[in-house]
Structure formats: C-alpha cells, structure tokens
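Going line by line, the protein sequences match chains A and B. For the first sequence, this note's numbering begins at 2 and goes up steadily by one. For the second sequence, this note's numbering begins at 2 and goes up steadily by one.
Identical copies carry no separate label here, and so any pair may be met within one copy or between two of them.
Here are the computed lysine to aspartate or glutamate pairs in the EDC-like style, where the Cα-Cα straight-line distance is at most 16 Å:
#, residue 1, residue 2
1, Lys3, Asp36
2, Lys3, Asp32
3, Lys41, Asp16
4, Lys41, Glu70
5, Lys76, Asp36
6, Lys3, Asp46
7, Lys62, Asp32
8, Lys3, Asp49
9, Lys11, Glu44
10, Lys11, Glu70
11, Lys76, Asp49
12, Lys76, Asp53
It is worth saying that the hints were derived from the structure and are not from the lab. Remember, it's a predicted structure, so these values are computed and weren't measured experimentally.
Number of protein chains: 2
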Amino acid sequence: MKARIFVTLKPGVLDPQGRAIHHALGGLGFDGVNDVRAGKLIELDVADGTSDADLDAMCRKLLANTVIENYRIEKAAA
Amino acid sequence: MKARIFVTLKPGVLDPQGRAIHHALGGLGFDGVNDVRAGKLIELDVADGTSDADLDAMCRKLLANTVIENYRIEKAAA
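Chain A with its partners taken away, still in its complex shape (with noise of 0.2 Å):
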C-alpha cells in the first residue's frame, strides 16, 4: 500500500526556502506570485495491513516536527 505524507510548516512560522523560491520566481521575470511555501512530500511503500494509528506515529516520532510543522496523511490503494 502506498502513503503519502504531506508535511508543511505551520502557519506563522518563517520559511526561508519558500521565501528564497519567491524572491528566486520573481527574478525570474514570474510576477503575480504573493507566497511560497516549502514542505516535504514523503511517499511510503508499507505493507498493506498498516494502520492509520502506525502512520501517524511515524509522522509524529519522525517525519514531523509537530511543533512547528503540520501532517497530512493520504492513503492510495495501489
């Protein structure tokens, strides 16, 4: 089964790479960009009978910083 794990920084919180992305954008000649943010994309490969409580430990013990970033979880059948 495949997992998806999305983790971005909570709001609030400074983000240089998103802001190095924008400034980056924006030499670029790219106007009409207000906000970048940078977060992480974790795909898992886990066996198929993996609990969503196991998924989310996982995000919480490492994958996540739950201070000071967010999770979210997203299961594909394939």
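Chain B: place on chain A using the hints.
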C-alpha cells in the same frame, strides 16, 4: 489562487534521504515499510490569472530539476 507543486525523484534515481528515513523507521520499530521516497511540496499563492503554462514554466525553470525529478501541478480554487 493556490497551486501545489509536487516534486518527486524519478524512479531509479538514488534517494539517500528516503533511505535514511527508511532506516530510521526500522530503528523505531516500524516494520513492514518496503520503500520510502522523499520529495518536495511547494505551495504557491499566485494571482488568479496565472496560466497553466506559467506554472509549468516555473517548475521547469526553477522548482524541479527535470533531469532527475518529476513534477505534478495541482490547482486549488481558494
């Protein structure tokens, strides 16, 4: 308009970050993880008139390294 860009390594490209996450999950006692791939999620807040071609150009010119990475664009209304 919000747009989310998912940048993932192409299949076959070595992913040391994913390998490290895989190993760490094993160390935490999470068995049954077959594979981990690490990617990037970039959330853009762009002007409403931004065309798909512009978003595509941003990905090709800056956000993704198309030699080793794939990207996918997802547009959201809000």
